[in-house]
Amino acid sequence: MKEKPATVFVVDDDDAVRTSLRLLLKSVGLPVETFSSAQEFLDSFDAERAGCLVLDIRMPGMSGLELQQRLNEIHAIVPIVFITGHGDVPMAVEAMQHGAVDFIQKPFRDQDLIDRINQALEKDRDNRAGLKERDTIRRRMQQLTPREREVLDLVTQGKANKVIAGDLNVSQRTVEIHRARVMEKMGASSLAHLVRMVIEAERAS
Amino acid sequence: MDTNADPSAAATPQQDGNELKALLDAAIDGVIVIDHAGRIATFNAAAERLFGYPSSEVIGQRVEMLMPEPYRTGHDAYMTSYQRTGKARIIGIGREVAARRRDGTVFPASLAVGEIPGSVPKRYVGFIHDISARKAATAALRRERDRAQSYLDLAQVMLVALDAAGHITLINRKGCEILGYTEAELVSRDWFEQCVSPTHRDAARAALRAALQGDGRALEYTEDEVITREGHAKLIGWRTTRIHDEQGNASGLLCSGEDITEQRRSEQALKRSEQLLISAQAIAKFGNFEIHLPDRASLWSQQVYDIIGRDPDAGPLAPEEFAGQFLHPDDRDRFLHDWRRGVAESGRFDLEYRIVRPDGSTRVVHTLAQTLPGKDAPSLVVTGTVHDITDRKLAEEELRQGQERLTHVARLSTMGEMATGLAHEINQPLTAIATYAQASTRLMDAPGGADPVELREVLVQITAQALRAGEVIRRLRAFVKNRAARTETLDMNRLIEDLRVLAEPDARVNDVRLTLELAPTVPTVAADPVQIQQVLLNLVRNAIDAMLEAPGAPREVVITTAVVDQDVEVCVIDRAGGIPPEVALHLFNPFYTTKEAGTGLGLAISRSIIRAHRGKLGHRPTPGGGTTFHFTLPQLPGG
Amino acid sequence: MNPPPLVCVVDPDPAVRRRVAEVLGALGAQVEGYATAREFMARLPHAIPVCVIAEARLPDLPGLALLQELRARGLALPVILLAGDADVLAAVTAMRAGALDYIEKPFIDRALVAQVGPILELDGKQPH
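Protein chains in written order, with our numbering: chain A, 1 to 205; chain B, 206 to 844; chain C, 845 to 972.
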């Protein structure tokens, strides 16, 4: 399946600002989609689509901060760059506390905005890669037998083979075989790698 | 009367009976004995006279026959009740009752009833006498007193009688009226405590004592204050005579007083205004003149010379010469034109003009003139006043400027409250311009360069956005500029449409929708556009603020226009929480504000602006919640 | 029983230090005040606070630099910055650098309680 390229979603109620942003982002080769209201964006929102959000704070109806809150509620990971004509400090702090990449005041230097957008897109890529890796690890873990799963748990708790053999009432040799299979099924290059993968898998998404 | 006679006494029962009858018949009061059943047993001679019955006709009859209705019917029940419960209404008490003669007439009587001790079954004795005469005398006396009181009451002066201790023994209606008390509240009270101010009490008491001791001066006409119930002081002119008792000793004073408060006040006012007039004349630079036509002989009072700065020895001038020498060049032609027309039209006319005095100073002068026929036919006399109104003009100008400054300050303050929205409104096009320009630069730098058609479109956009920002700034400047009031012919609908540029950004940043519901056409009005915009913006601002205070309210402000009774009415309607009564009370007071950053000038100035335009500004609840502020402006004739 | 959690406030204004001590003292924190970043850093090796509250414009070191210095030392302490004349850019920069909050003076009480309260609560639940 071929994925769509990462898109910059621009939400601003001002026609001229929206159109000029579209032109600017197009000029640096970024795919752009624009929306004149937060609701319009939310209505067509697709969590699977990669990209970032360039969001005006003050809009009639749903404000930019409200949209951020709604996206957080549905665990959307799309990174947000706020742009605002008259933001104040509490507003900026709130946006940042809720995970905004940046909060830029209008008018802005094009390079500043483009840098931030690129950072946001990178963050989105990382997020998505992280999610993908987690999926892979979980899938692999599901392929383990119950016994292998037990061995995995004990190994990642830092227990030595001998101790595990005692715990499971099997021979040390058996433990070694299970352990080798676990490493192989999980695609782990080292014990440390295995531990990292288990931690990653257990992280809440 | 002891009916329990000592059994050892020598008299026989028969003798006793005779003696008793003689005794009873000699009594002045009617004596009636009844038995327990209410039957008459004894009826003496006085009773016979009183009731007109011989005793033979009543003995053995029921006593009710001596009573008129309704006592008659109630008596039986009363007897029964008394015998059972021992509760007496008459027995042992005595009271005034109505009695009925044989001929049916009823008379007032005093009745005392007692139970005859030891009698079995019970017997009762009643003593009764006619009190008609006493009643009549009392009534006559009361009538007499009432008549005297009514004479006193008719008197249009206050009459007060005091006893030697200063207590009020009598006061008439006028007195009560002046003092604001009822008669009952005054009679037998201490006059000095009740009606004299604490600071005067001692002196007034001393005067009472002196008058009682025969000091003639204390009986002369005096003027003194009384204090009314309301605590007001009234000035009373008093005339006093002594009251003597039977022994000829002075036992009190009778005082007649007249409320002279008003009279004294107007006397004082008159005196004051006379003084004012004198001093006004001295300082007002008020002169008068007389000119005879056609020979132009003139007469000027001293003040005319003083006002124009001419030596009195140089004598008066004819109007044309006066205009030539003293009139401000800009006013000269108008003065002469108006003067000639005023004289020609033979009536009253007035002129306002500037003169330049020989010392070079300019004064503003007002002349009120009147043309009268002279002694013989075509001749005329023009008389008039010359009044230097320079100072008044200056003061008026200063007041006007002060009001304009205040209006301007309020305008700036309203604008300050809208600053966030307006900054946004300017920032948006600036952002678009900067972004377009930066994008264009990038497009041009790209390999192959920019498409000229695309670039051209961007430049058109940049221009539009620059004009958009400029428009906001232009209106803003026009609005905040300090300027003199000026009246223009306005279409309110147009004015409101124009106002949108300023009002909408503020609404938008507060997430409020501004809706215009304008009548298709409205007649034109004569008004200062900036001042009317100021009123409207102020009302819109208030509406937005009201909405911020009422979080659940629909966030919409509606401006409407309509024609109401020949006036153009504009409403600014919100659906916020409405105005609490205690706030409504002060709403238009200067410096009254419920806003943290408000000056409290907005509504006060809005109202004075609308009043200056001969309109009205008010508010009423919006049906369904919220407040509607409305103002009217009178339409132009033929507008 | 655990010792009360330590909160350090770094602000040249004694009134601010006093106010922070009052507000957070009421929540059960032990509050130490320092007028300069240097004094605070000298204390740091001896005790690790659960939270640092610093003026954004300290005379010797900007609050933001203090935050970065702590991070450089591997201390992931929550840092709250206070600002007398805050601007949006400074606030955003501080937040990007990892500040927990950026509070405009003088109305700091409510924001302090909101941010530091949960930290103190969390600290009370952790074994020392």
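Read the hints as simulated data drawn from the structure, not as lab findings. None of these values were measured; they are calculated from a predicted model. Heads up, some of the hints might be wrong.
[Claimed, not checked] Looking from chain C toward chain A, a few residues come up when the C-beta cut is under 10 Å (computed): (1) L888; (2) A927; (3) A930; (4) A935; (5) V936; (6) A943; (7) Y946.
[To be verified] Sample of chain A residues lacking proximity to chain C, with all beta carbon distances greater than 10 Å (derived): (8) T34; (9) D102; (10) A160.
All C-beta atoms in this analysis are idealised placements derived from N, C-alpha and C, irrespective of residue type, glycine included.
Quiz item: Would T34 of chain A pass as off the interface with chain C, using Cβ distances and a cut of 10 Å?
Solution: 24 Å, holds
Quiz item: Given A935 of chain C was flagged as interface, is its beta-carbon under 10 Å from a beta-carbon of chain A?
Solution: Cβ of A935 of chain C sits 5 Å from chain A, so the hint holds.
Quiz item: Holds or violated: L888 of chain C as interface residue toward chain A, Cβ cutoff 10 Å?
Solution: Status violated, d = 26 Å.
Quiz item: Against chain A, with CB atoms and a cut of 10 Å, does the hint on A930 of chain C hold up?
Solution: At about 4 Å, which falls below the 10 Å cut-off, the nearest Cβ of chain A leaves the hint on A930 of chain C intact, so it holds.
Self-check item: Hint validity - A943 of chain C Cβ closer than 10 Å to any chain A Cβ
Solution: Since chain A brings a Cβ to about 9 Å from A943 of chain C, closer than 10 Å, the hint holds.
Self-check item: Whether D102 of chain A stays farther than 10 Å from all C-beta atoms of chain C, as the label says
Solution: Since the minimum Cβ distance to chain C is about 6 Å, D102 of chain A lies within 10 Å and the statement is violated.
Quiz item: Quick one, is the V936 of chain C hint okay against chain A at 10 Å, beta carbons?
Solution: 5 Å, holds
Quiz item: Going by Cβ atoms only, is Y946 of chain C closer than 10 Å to chain A?
Solution: At about 5 Å, which falls below the 10 Å cut-off, the nearest Cβ of chain A leaves the hint on Y946 of chain C intact, so it holds.
Quiz item: When the nearest CB of chain A is found for A927 of chain C, is that gap smaller than 10 Å?
Solution: 7 Å, holds
Self-check item: Closest CB of chain C to the CB of A160 of chain A still more than 10 Å away
Solution: 26 Å, holds
Of the numbered hints listed earlier, those contradicted by the structure are 1 and 9.
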